[in-house]
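Visitor: As a plain string of letters, each chain reads:
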Amino acid sequence: MHAPDGFINAPVSAVAGLAAAGAIAVSLRGARRELDEKTAPLAGLVAAFIFAVQMLNFPVGAGTSGHLLGGALAAILVGPYTGVLCVSVVLLMQAVLFADGGLTALGVNITTMAITTTIVAYALFRGLVTVLPRTRRSMTASAFVAALVSVPASAVVFTLLYAVGGTTDVSLGKVATAMVGVHVLIGVGEAVITALTVGAVVAVRPDLVHGARGLRQRLKLRVNGELVDAPDTSVPEPVPAAARSRRTLWITGLVTSLVLAGFVSFYASADPDGLEKVATDHGIDKKAEEHALADSPLADYGVEDVDDARLSGGLAGVLGVGATVVAGSGVFWVVRRRRTDDRRTDDRRTDDRADAGSPTDVSV
Amino acid sequence: MGAGHAHRLYRHGHSPVHALPPHTKLAAVLAFVVVVVSTPREAMWAFAVYAGLLGLVAYTARVPAGFLLKRLLIEVPFVAFAVLLPFVAEGERVGVLGLSLSVNGLWGAWNVLAKGTLGVAASVLLASTTELRELLLGLQRLRLPPLLVQIASFMVRYGDVITDELRRMRIARESRGFEARGVRHWGVLAKSAGALFIRSYERGERVHLAMVSRGYAGSMPVIDEVTASRAQWSYALALPCAALVVCLLGWAL
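Chains A and B, in that order, are what the protein sequence lines are. Okay, so the first sequence: first residue is 47 according to the numbering used here, each after it adds one. Okay, so the second sequence: first residue is 1271 according to the numbering used here, each after it adds one.
Any given hint could turn out to be false.
Claimed, not checked - Derived CB-CB ranges, DEER-like:
| hint | chain 1 | residue 1 | chain 2 | residue 2 | range |
| --- | --- | --- | --- | --- | --- |
| 1 | B | R1446 | A | A209 | 46 to 52 Å |
| 2 | B | S1370 | A | G227 | 22 to 28 Å |
| 3 | B | G1488 | A | A249 | 32 to 38 Å |
| 4 | A | G219 | B | E1444 | 43 to 49 Å |
| 5 | A | D253 | B | C1511 | 54 to 60 Å |
| 6 | B | R1332 | A | A249 | 51 to 57 Å |
| 7 | A | L231 | B | A1522 | 45 to 51 Å |
| 8 | B | R1484 | A | L178 | 43 to 49 Å |
| 9 | B | P1491 | A | V269 | 54 to 60 Å |
Derived by calculation from the structure, the hints in this document are not laboratory data. No residue lacks a Cβ here, since even glycine has one placed at the ideal position from N, Cα and C.
Make a model of the complete structure from these sequences and hints.
Guide: Shown next as structure tokens:
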């Protein structure tokens, strides 16, 4: 879905171009931190791979066939930074060499197809991989979900850009329905292919899959026809153990709150809680205004259009827990991320000091 | 690397347009497309003048019209979209041949078609008169981040190699009697894609080691520095400047 020139008006194209340039600058820095001076050859070859794999036709039947878009695949295989770079370079080269997608629409195309798909897919994939058990199957399942959501997400962003700077007065509802509808279908195909491809790579070289770092199988030895765990010769790291116990804690907590919210609230009292009771008794609540979100689908802890009050309350509970977990872990992740970044820069500073002391400065 | 040193769109020649430094051409095409996009769609005559200007460039570059028109076919999916627009857009409607069409949609379709076609034609002219390596050098001269240019140059340099690898895998599959007919065969194709990724990544590692052993330290040496004289710049920028005059006239009239 390469937008041509003149599809989105000039100011919005310019803004999208600036956004794309900013994202690429951040990715350049991030990729260099991950890959050092290996960035250029590795990212270049992966970009060539994305370019080639878009030519691999997957027959759908009845003579039609589709191909991979590759954003989600790139994000999972080589990480978000390098992924954004690879897909952006493919789009740039397609625009300059093959006239596929307009030059002024390049910012729009990069924003929707490189940045949105990569970030959405990677965030989802990492989130699912941390929650699910560490097996190959959950890896494939996470890749499936990540790719499935990433394609309609890019369609949604395109629709937003169109809403702001579209050159034709088509009703937004129609554009959104058509774009998202078509892209959900494309997303299903993309998801199947991405999941199968990631599964194939994880089966052979799990160390190459960026999103699967930490998924390491223990070495097994075959002794008298039986598989035995090899004696652990490496120095045991304290961090993974802590992470594992934390994961158990996590899953237990999540399951408990889901059960509480979804199932126990089924039997909970429908009477007003203490504060509400006091308020009604004393007539305080006469002044209480309806909440601004009273019309929201989750208003009053019930799901709209679900008639059974208890079922509705339970469903709302489950949805609420989900939303809270997503928002909470998002904040937590950002904070922890920043903290580790700070620590890393500190480390580098001490490294630099150590390097400055050494007589020969060899960079390899 | 036995692969060709030119891309599919390139057309070898010795015209004045071929001889221009690449970054002047890139800047000119970009400026031209920006001007075209910001022209009001009601000024239909302006787009005809733009097409004339591009025709003039094609004539100077000795790119035959048939070649240019054939390359324009890449636009076909959006032509289909543009044809749909008059039927779905809102607003005042007008009856044409018994069909009720939206006036706004007709303008929108014209807008997308005209600007899209001119943009594609300009890009095709650029690609058919500029060699691949020159194009990358031009991007670098236009202050694109060097790392991005390096990634792009590795992509185009190894694009043919990786595509050939994919072709050999297809031949190997087919010579064993495999034929992908439907969704059931996606597993095999996806395994090919996975194998291709591993091969590409490992090739990247080998390429990097080979480069390091030849003294690579993060940046590529530029051997043929291209500079553009003022005459060359003015020659290249004649196209967008002419277009700008037309655009301003379009707004004024």
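Visitor: Indicate whether the distance between the beta carbons of P1491/B and V269/A respects the range 54 to 60 Å.
Guide: holds, 56 Å
Visitor: At the C-beta level, are R1332/B and A249/A separated by a distance inside 51 to 57 Å?
Guide: holds, 53 Å
Visitor: With respect to the beta-carbon atoms only, verify the hint that S1370/B and G227/A lie 22 to 28 Å apart.
Guide: At roughly 24 Å between Cβ atoms, G227/A and S1370/B fall inside 22 to 28 Å, so the hint holds.
Visitor: Does the beta carbon distance between L231/A and A1522/B stay inside 45 to 51 Å, or does it fall outside?
Guide: holds, 47 Å
Visitor: Given the hint of 46 to 52 Å, is the C-beta distance from R1446/B to A209/A inside that range or not?
Guide: holds, 51 Å
Visitor: Per the hint of 43 to 49 Å, is the separation of the Cβ atoms of G219/A and E1444/B within bounds?
Guide: holds, 46 Å
Visitor: That 43 to 49 Å hint for R1484/B and L178/A (C-beta), does it hold up?
Guide: holds, 44 Å
Visitor: With respect to the beta-carbon atoms only, verify the hint that G1488/B and A249/A lie 32 to 38 Å apart.
Guide: Check passed, 34 Å falls within 32 to 38 Å.
Visitor: For the hint 54 to 60 Å, verify it against the beta carbon of D253/A and that of C1511/B.
Guide: holds, 55 Å
The structure is consistent with each of the numbered hints, conforming to all of them.
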